[in-house]
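Residue numbers (this note's numbering), protein chains in the order written: chain C, 1 to 284; chain G, 285 to 579; chain R, 580 to 1021.
Derived by calculation from the structure, the hints in this document are not laboratory data. None of the values given here were measured: they were computed from a predicted structure. It is possible that part of the hints are untrue.
Stated by the list, open to error - Far from chain G, by Cβ distances over 10 Å, these chain C residues were calculated:
id	residue
1	5
2	38
3	51
4	215
To be verified - Pulled a few chain G residues facing chain C out of the computed Cβ check, cut under 8 Å:
id	residue
5	291
6	396
7	397
8	461
9	572
Claimed, not checked - Cut-off 16 Å, straight-line C-alpha distance, at most; resulting in silico cross-link-like pairs (EDC-like, lysine to aspartate or glutamate):
id	chain 1	residue 1	chain 2	residue 2
10	R	1015	G	337
11	G	524	R	648
12	R	824	G	434
13	R	1015	G	342
14	R	681	G	337
By construction, the Cβ of each residue, glycine as well, lies at the ideal position given by its N, Cα and C atoms.
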Amino acid sequence: MIERNRFMDVLAHTVLILGVMVVAFPVYLTFVASTHTAQEVVQVPMPLWPGEHLLDNYKTALFGDAAKQVSDMAVAHMMWVSLVSALCIAIGKISISLLSAFAIVYFRFPFRMAFFWAVFLTLMLPVEVRIGPTYQVVSDLGMLNTYAGLSVPLIASATATFLFRQFFMTLPDELVEAARMDGAGPMRFFKDMLLPLSTTSMAALFVIQFIYGWNQYLWPLLVTTQENMYPVVVGIKSMIPSGGDAQTEWNLVMATAMLAMIPPALVVMLMQKWFVKGLVDSDK
Amino acid sequence: MSSEKRVVFRATWLPWLLIAPQAAVVAVFFFWPAGQALLQSLQQSDAFGTSVEWVGLENFQHLWNDASYWASFQTTAVFSVLVAGLGLSISLCLAYFADRVVRGTSIYRTLLIWPYAVAPAVAGVVWLFLFSPSIGVVAYGLHHIGFEWDSLLNSHHAMALIVMAAVWKQLSYNFLFFLAGFQSIPKSLIEAAAIDGAGPWRRFWTIQFPLLSPTSFFLLITNITYAFFDTFGIVDAATKGGPGKDTAIMVYKVYFDGFKAMDLGGSAAQSVVLMAIVIVLTVVQFRFVEKKVNY
Amino acid sequence: MTLTALNLRLLGLGLLTSLCSLQAQAEIEIQWWHSMTAVNNEWVNDLAKNFNATQKDYKIVPVYKGAYDESMTAAVAAYRAGNAPAILQVFEVGTATMMASKGVVMPVGQIMKDAGYKFDPSVYVPAVAGYYTAPNGQMLSFPFNSSTTVFYFNKDAFKAAGISTDKAPATWPEVALAAAKLKANGHKCPLTIAWQGWTQLESFSSWHNVELATQGNGMRGLNTRLVSNTPLHVRHIENLGNMAKQGLFVYKGRANSAEGSFVSGECAMITTSSGFYGNVAKNAKFGFGVSTLPYYPDVPGAPQNTVIGGASLWVLSGKKPEEYKGVAAFFNYLSNAQVQSESHKRTGYLPITLEAYKLTEASGFYKDHPGTDTAVNQMIRKTTDKSRGIRLGNYVQIRSIEDEELEQVWAGKLSAKEALDNIVQRGNVLLERFEKANSAKP
Chain C
1 MIERNRFMDV
11 LAHTVLILGV
21 MVVAFPVYLT
31 FVASTHTAQE
41 VVQVPMPLWP
51 GEHLLDNYKT
61 ALFGDAAKQV
71 SDMAVAHMMW
81 VSLVSALCIA
91 IGKISISLLS
101 AFAIVYFRFP
111 FRMAFFWAVF
121 LTLMLPVEVR
131 IGPTYQVVSD
141 LGMLNTYAGL
151 SVPLIASATA
161 TFLFRQFFMT
171 LPDELVEAAR
181 MDGAGPMRFF
191 KDMLLPLSTT
201 SMAALFVIQF
211 IYGWNQYLWP
221 LLVTTQENMY
231 PVVVGIKSMI
241 PSGGDAQTEW
251 NLVMATAMLA
261 MIPPALVVML
271 MQKWFVKGLV
281 DSDK
Chain G
285 MSSEKRVVFR
295 ATWLPWLLIA
305 PQAAVVAVFF
315 FWPAGQALLQ
325 SLQQSDAFGT
335 SVEWVGLENF
345 QHLWNDASYW
355 ASFQTTAVFS
365 VLVAGLGLSI
375 SLCLAYFADR
385 VVRGTSIYRT
395 LLIWPYAVAP
405 AVAGVVWLFL
415 FSPSIGVVAY
425 GLHHIGFEWD
435 SLLNSHHAMA
445 LIVMAAVWKQ
455 LSYNFLFFLA
465 GFQSIPKSLI
475 EAAAIDGAGP
485 WRRFWTIQFP
495 LLSPTSFFLL
505 ITNITYAFFD
515 TFGIVDAATK
525 GGPGKDTAIM
535 VYKVYFDGFK
545 AMDLGGSAAQ
555 SVVLMAIVIV
565 LTVVQFRFVE
575 KKVNY
Chain R
580 MTLTALNLRL
590 LGLGLLTSLC
600 SLQAQAEIEI
610 QWWHSMTAVN
620 NEWVNDLAKN
630 FNATQKDYKI
640 VPVYKGAYDE
650 SMTAAVAAYR
660 AGNAPAILQV
670 FEVGTATMMA
680 SKGVVMPVGQ
690 IMKDAGYKFD
700 PSVYVPAVAG
710 YYTAPNGQML
720 SFPFNSSTTV
730 FYFNKDAFKA
740 AGISTDKAPA
750 TWPEVALAAA
760 KLKANGHKCP
770 LTIAWQGWTQ
780 LESFSSWHNV
790 ELATQGNGMR
800 GLNTRLVSNT
810 PLHVRHIENL
820 GNMAKQGLFV
830 YKGRANSAEG
840 SFVSGECAMI
850 TTSSGFYGNV
860 AKNAKFGFGV
870 STLPYYPDVP
880 GAPQNTVIGG
890 ASLWVLSGKK
900 PEEYKGVAAF
910 FNYLSNAQVQ
920 SESHKRTGYL
930 PITLEAYKLT
940 EASGFYKDHP
950 GTDTAVNQMI
960 RKTTDKSRGI
970 RLGNYVQIRS
980 IEDEELEQVW
990 AGKLSAKEAL
1000 DNIVQRGNVL
1010 LERFEKANSA
1020 KP
């Protein structure tokens, strides 16, 4: 900030480090568990320091028996499915929400608010409750076992529209007036002024929606009947017994989970760059 | 709505074209299936739908007569207030400090956002590794220092567990948006206030917090919605509604009945009630809280 | 004929022949939706692979569809949309639901008969097959992965407390005595239980030859009602409640979360599924023993037999007749004694035919792995009307009620009688609704 306040700086770093420890501790445990043998993991308490088996476990998870447990597809292929569907969901959601929020904020037309509330309602009935009938619709449209079937039904959500609406409301009216004076039409305004200003929100949403799409479990499980269309989270879940009788190779489960976290982590780190760029420009 | 744009574009068919994609997706993939799902609240059917009987409001009557259902109202209220309250305040605090530090912002940012990437299925298991009274690392530590942590039989411990797990999951999400909000506040405003002699506390309340309000409002609504609708997985992984029914929040019962017990009529009726409650809450927030938001 | 023309004709002939040989091998694909994870997932895939290798007409395609409730939801959705799988693995508590859905299920007995396989009910282990059989003797679903309730104990902990390990504690009084000795020796958790509804109410009832619910636990009719609050049940839960107060029994959570505390050595005795054996054998760092579920010696008829848990394979309707022939062939393959024995040895699940049991015994497996025949021994008896199995509607919810009320006893908030009365009262509301929903049919 402005003053060189020693106390505040120390406080800031302390709070942040504490925060990181609390927030990241479960992830750290996952990592530790992925470096031991299965027997070591189930002993109480689990050791808190990484073990010796990092390479073994990750090799097995990526190429070997553990992968075969899920299907005859390697984890690599499942990651590909996850990647494609997550990208479709993130990009799809952001695109249609930008357009809708633009229409809601910058135009007047009948049923405008009704449309906004209708979109909002999509938050009030979670996927699991309406999953049976949604499956029926997807099946009737012939979209089972397709990337479209995996992604399109999940695009129907209000978070992005709501966020963009909030953001657009903060923009000064002078922008619109300036555009009109320059003779620019609405779409020109949208492309040349709104989009560049929205990059921060878009980046944040992209991270959130990508991870949301990446971590989808129940919907892909239902809408695919071929194991080669399974995303990686389904693969992980199938290694964790829920019937209770089989013993779990916890170390391999955790290794696969760590691998599954890499693409979202990369997305977060890459988006940082975009964040900063957008922010520097917006310092009006 | 209290706050509207004063200047808009004049156009006739363009806005319709713009909303068409989302309208289509929402109509086909939400409203049509949702309508059918909610219709089931008026029916009693077997799992496979081979025999469907119209029972009118009977499912709702069952809820009315079920004492444990009323108890879940209170459990849900406590849970949601704690989750939204703690989730927002903690992440606001973290975002404030992350914005403040000159060096290391991006490292902190990555480390604090990354846990959001943990798949819920894995997160549930990892929490078990932490807090399960029999194998949990943290539970072990607590016992060591003499604190009898028993989330299996102690209702307060159980509630604390699911609140912690739910807040943890949302921290990254809230942090991300709050930080974006902080960093979009023009530095010139802060500098001007500092020159006028305002300390950090003053600056926060008079400048940053008000300018953050659109984001805060967004997060308030999404956190409450999250607490009401998206926390089934956490309760299922951590306590399964126990001990007894003391952590059985309303959405957990919805999922359990619809999903595990295949009682689609009862589950749909509960969904209707839950939806009604949240719609009322949201309308109230838009009516009263949005007035305070500075756009 | 020019050389080119001849070459072309030969080429054409060659192509035609290879094309024909491709098309002649059109297999009928049969989808099998299951919920087996980890090593059992491998087992399922191997079974399908091996069966497919024995013949060319059918191809079984196993698909992991999530946990039992998730795969059930998937199957329901698929059935309503017209693309259900032929074979679906359903957990035992879903039996009543499957049976009550008229027209959805093709009885296994029927399918086998139609395909020409001789179907002899007497070759099956009574307590295993009986659970999935209709009162008229027709087998409705194919028992696949069945386990039962057994008792594990930590031999090292026993020795340290001065308890003899030659014979496991067989009765509840003996268990209580052992627990007291362990506690006196400083042990923090002498006894714990997993799957409390299954081990302490359901299996408990059939082990003592008493009914959990009327009408033979629901086998004989939909008008069944819970009677799990008899003096015997109250006595048992009260005993456990007192043990909890004294720290002899420590509650470690619902489902099988208590199992972790046994493997780690924290708890010395546990009642849980026979399927837990593999886990213990691999991960426990102490000597352990497996024995039969404890009982009360003063109850006439005890010990009778325990009740199974696990899942069975159901065949859904609406498929082509050729597919059902394939399903029958597959089930026939699965019933083969050798296949059964291998599966039993590999997974620890119960063998479903007596021949498979004898085969396993002859191979010396039980000698090499002491305790693995405990489960089977509890099941190879003639069942009575009260112990054949359980078939109650809305059973998932009833199990949840059992968990909730029993937890209140362990926490000291309710007496055993109050809790059991609650279970009966709340459970009967659900049974009534199930009866009503499924009797009003043409």
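Checklist entry - Hint by hint, which ones does this structure get wrong, listed from lowest number up? => result Violated hints: 1, 4, 9; rest satisfied.
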